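Chains X and G are the protein sequences, given in the same order.
All residue numbers for the first sequence refer to the numbering used here, where the first residue is 85 and numbers rise by one.
All residue numbers for the second sequence refer to the numbering used here, where the first residue is 85 and numbers rise by one.
No wet-lab data here; the hints were simulated from the structure.
Just to be clear, a hint being listed does not mean it is correct.
Identical copies look the same in the list; a pair holds intra-copy or inter-copy alike.
[Said to hold, decoys possible] Computed cross-link-like contacts, DSS-like style, restricted to lysine-lysine with a CA-CA straight-line distance of at most 27 Å: (1) K362 - K294; (2) K376 - K277; (3) K88 - K432; (4) K175 - K277; (5) K115 - K432; (6) K431 - K88; (7) K431 - K226; (8) K108 - K402; (9) K226 - K115; (10) K432 - K113; (11) K108 - K362; (12) K363 - K294.
A quick note: this is a predicted structure, and the numbers were derived from the prediction, not measured.
Protein chains: 2
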Amino acid sequence: MEIKIALIGCGTVGTGLLEILEAKSEYLKNKFDFEPKVVAISDLHKGSILVPDGIDIGTMLALLKEGKRIDQYYGEGKTAELLNPLDMIEKCEAQIIAELTYTDIKTGEPATGYIKKALRTGMHVVTSNKGPAALYYHELRKMADQNGLCFCIEGTVMSGTPVFSLVESGLAGNEIREVKGILNGTTNFILSKMEQDNMDYREALELAQKLGYAEADPTADVEGYDAVAKIVILSNVLLGGNIAPDDVRRQGITGLTREQILAARDQGFRYKLIAQAKKSAGGVEAAVSPQKLPLSDPLTGVMGAQNALTFDLDLMGKVTIQGAGAGKVETGYSILSDILAIHRQMKK
Amino acid sequence: MEIKIALIGCGTVGTGLLEILEAKSEYLKNKFDFEPKVVAISDLHKGSILVPDGIDIGTMLALLKEGKRIDQYYGEGKTAELLNPLDMIEKCEAQIIAELTYTDIKTGEPATGYIKKALRTGMHVVTSNKGPAALYYHELRKMADQNGLCFCIEGTVMSGTPVFSLVESGLAGNEIREVKGILNGTTNFILSKMEQDNMDYREALELAQKLGYAEADPTADVEGYDAVAKIVILSNVLLGGNIAPDDVRRQGITGLTREQILAARDQGFRYKLIAQAKKSAGGVEAAVSPQKLPLSDPLTGVMGAQNALTFDLDLMGKVTIQGAGAGKVETGYSILSDILAIHRQMKK
Chain X
85 MEIKIALIGC GTVGTGLLEI LEAKSEYLKN KFDFEPKVVA ISDLHKGSIL VPDGIDIGTM
145 LALLKEGKRI DQYYGEGKTA ELLNPLDMIE KCEAQIIAEL TYTDIKTGEP ATGYIKKALR
205 TGMHVVTSNK GPAALYYHEL RKMADQNGLC FCIEGTVMSG TPVFSLVESG LAGNEIREVK
265 GILNGTTNFI LSKMEQDNMD YREALELAQK LGYAEADPTA DVEGYDAVAK IVILSNVLLG
325 GNIAPDDVRR QGITGLTREQ ILAARDQGFR YKLIAQAKKS AGGVEAAVSP QKLPLSDPLT
385 GVMGAQNALT FDLDLMGKVT IQGAGAGKVE TGYSILSDIL AIHRQMKK
Chain G
85 MEIKIALIGC GTVGTGLLEI LEAKSEYLKN KFDFEPKVVA ISDLHKGSIL VPDGIDIGTM
145 LALLKEGKRI DQYYGEGKTA ELLNPLDMIE KCEAQIIAEL TYTDIKTGEP ATGYIKKALR
205 TGMHVVTSNK GPAALYYHEL RKMADQNGLC FCIEGTVMSG TPVFSLVESG LAGNEIREVK
265 GILNGTTNFI LSKMEQDNMD YREALELAQK LGYAEADPTA DVEGYDAVAK IVILSNVLLG
325 GNIAPDDVRR QGITGLTREQ ILAARDQGFR YKLIAQAKKS AGGVEAAVSP QKLPLSDPLT
385 GVMGAQNALT FDLDLMGKVT IQGAGAGKVE TGYSILSDIL AIHRQMKK
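Working from the sequences, and respecting the hints, build out all of it.
Right, dumping it as structure tokens:
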């Protein structure tokens with residue numbers, strides 16, 4: 085079954101998705117009768133293209149690899165009409181819009197505008213963008229529901245490691261009392277290095293930056309803002325909350341010293357930056373802060389850039405899932421995972 | 085949407101399922117439009133009953149709690165016609181048969197006969213019984229597919245902790261290269277006690293027996309047979325294998341001494357009974373044996389009666405899920421989880 089997909093944003097996640105679609109096209113067709121047809125791509129920096137018959141993904145990947153513009157798809161020098169994302173949504177006749185632009189956690193824009201436009205135009209939306217999901221989840225979910233469409237956000241938390249799909253299928257019927265997790269790989273990497281390799285905060289941060297885990301301005305990670313966005317999403321999607329990032333108690337890891345970390349280790353504990361949310365009388369209470377976990381906690385063993393999340397459930401008790409929290413292929417896969425879920429629904 | 089269910093076997097798992105259905109009936113109706121109607125129960129020891137209009141679950145649970153026979157449902161002294169499971173399947177007009185009898189890992193009977201009868205009669209089958217799944221998976225799957233029916237086995241591995249549903253939904257599109265897990269809670273409990281509380285094997289086993297984790301004859305657990313059945317199921321269902329329990333290299337934990345365990349701990353390792361299967365040139369290679377894991381392995385932190393499974397995937401790398409591996413409510417939930425999955429399909 086052919087599914088027409090358009091990409092808004094073609095950076096790391098978009099490229100990761102295209103690479104998977106190219107590498108696994110036979111497998112996906114044989115196993116799921118899934119034949120993706122990428123009909124349009126629009127990227128702020130790389131230009132845009134609309135190919136109603138479907139883009140040859142191998143050709144596009146070669147262009148991207150060489151750092152060329154998307155609209156050189158038809159040959160060097162030939163230029164296609166430049167389409168902004170809103171026009172592309174209107175013209176592309178895709179069934180699914182993959183919204184893969186950058187996260188703006190303050191405004192959620194321009195992504196939220198793209199998502200609304202796609203839902204109004206009758207297209208399913210898949211996104212790994214934390215902005216719209218953290219700020220406007222209930223509004224976007226309602227728009228999708230009213231139009232019989234999917235609004236899928238697997239990639240917003242723990243990249244392609246299953247969180248939302250796990251709750252919807254394998255854990256269905258459980259009520260979630262609390263979620264508690266390591267949702268930021270950068271800070272977990274830094275804390276791991278401080279404890280295991282005896283680095284101080286500055287050295288560990290520099291190593292994380294060198295390895296591409298941390299950005300030049302690491303504030304969003306180390307001060308806990310990234311984890312805040314994710315715990316807001318989990319609170320609103322899984323715990324029925326309606327909170328905003330400002331409602332979350334937040335403390336980053338910049339105040340933690342190597343001495344504190346080593347002292348904790350000697351007492352049989354380990355510091356982790358924990359994002360936590362639980363149902364309370366007033367709705368949902370959420371916080372991000374460094375916590376000293378006992379070795380018996382399943383989150384304690386999660387080292388390096390990995391992520392993990394523990395669900396506390398009325399029937400199953402504690403269930404923990406651990407996996408990648410970032411990465412080109414892993415986040416690209418989160419988009420594929422959502423697209424395959426929509427495809428399963430369409431086939432029924 | 086009403087779903088008619090019949091139970092074959094009403095021991096721990098069946099009672100756990102009934103308790104959940106009773107406690108969460110409002111929740112399940114409101115959230116999923118799911119209205120289970122248990123129309124028949126047949127148990128080798130407790131008798132049988134067929135109530136086409138649906139059994140009052142609260143009344144039945146009260147009988148079971150008092151240790152009374154199922155057929156006293158209509159009042160003490162009144163007896164109903166005794167139905168053997170095969171006759172019950174024929175007469176009950178259920179849409180789903182929950183096969184919850186005891187596991188016979190040598191023959192898979194009588195459960196396999198019940199499952200075949202149900203599939204031939206046009207009923208979906210849900211089971212937590214390892215026998216049929218370990219010995220006849222491909223045959224039963226084919227029968228189900230040919231009749232457009234579901235054959236669901238979530239509860240056969242790690243009770244209600246999602247394994248098969250996780251692969252089918254949240255990890256769809258990944259190819260699984262290897263699975264590696266702690267699939268037997270009894271042995272994990274014993275090893276944890278030997279390491280943490282300095283017990284010898286005999287003391288730890290006796291404690292496990294006292295707490296109900298180990299049976300009077302602990303052979304199936306401590307010699308690895310239970311884990312073998314589970315790794316056979318994982319091999320055949322998830323890795324495309326076609327192996328039998330005898331094909332699995334097996335070594336239990338009875339040869340492990342406290343000294344070995346403590347020496348490993350002092351070197352920064354921990355012994356776990358690991359069930360492992362990977363794709364190989366000839367199909368699938370599977371083994372159950374004690375392994376010394378480094379502290380960096382996500383399975384190392386899994387203590388007590390918990391279970392965990394690591395998938396090695398072509399796209400997502402390693403993903404680990406940890407949760408309960410046994411328990412009345414947890415295994416009862418595994419049955420509900422499969423029934424809800426069938427219900428989702430029926431609603432489409």
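Here's how the hints hold up against the structure:
no., hint, result
1, K362 - K294, "neither (36 Å within a copy, 35 Å between copies)"
2, K376 - K277, "both (16 Å within a copy, 24 Å between copies)"
3, K88 - K432, "both (17 Å within a copy, 22 Å between copies)"
4, K175 - K277, "neither (49 Å within a copy, 65 Å between copies)"
5, K115 - K432, "both (16 Å within a copy, 21 Å between copies)"
6, K431 - K88, "both (14 Å within a copy, 26 Å between copies)"
7, K431 - K226, "both (23 Å within a copy, 21 Å between copies)"
8, K108 - K402, "between (35 Å within a copy, 19 Å between copies)"
9, K226 - K115, "between (33 Å within a copy, 16 Å between copies)"
10, K432 - K113, "both (17 Å within a copy, 23 Å between copies)"
11, K108 - K362, "between (39 Å within a copy, 20 Å between copies)"
12, K363 - K294, "neither (39 Å within a copy, 36 Å between copies)"
In the structure shown, a violation is registered for the earlier hints numbered 1, 4 and 12, in ascending order.
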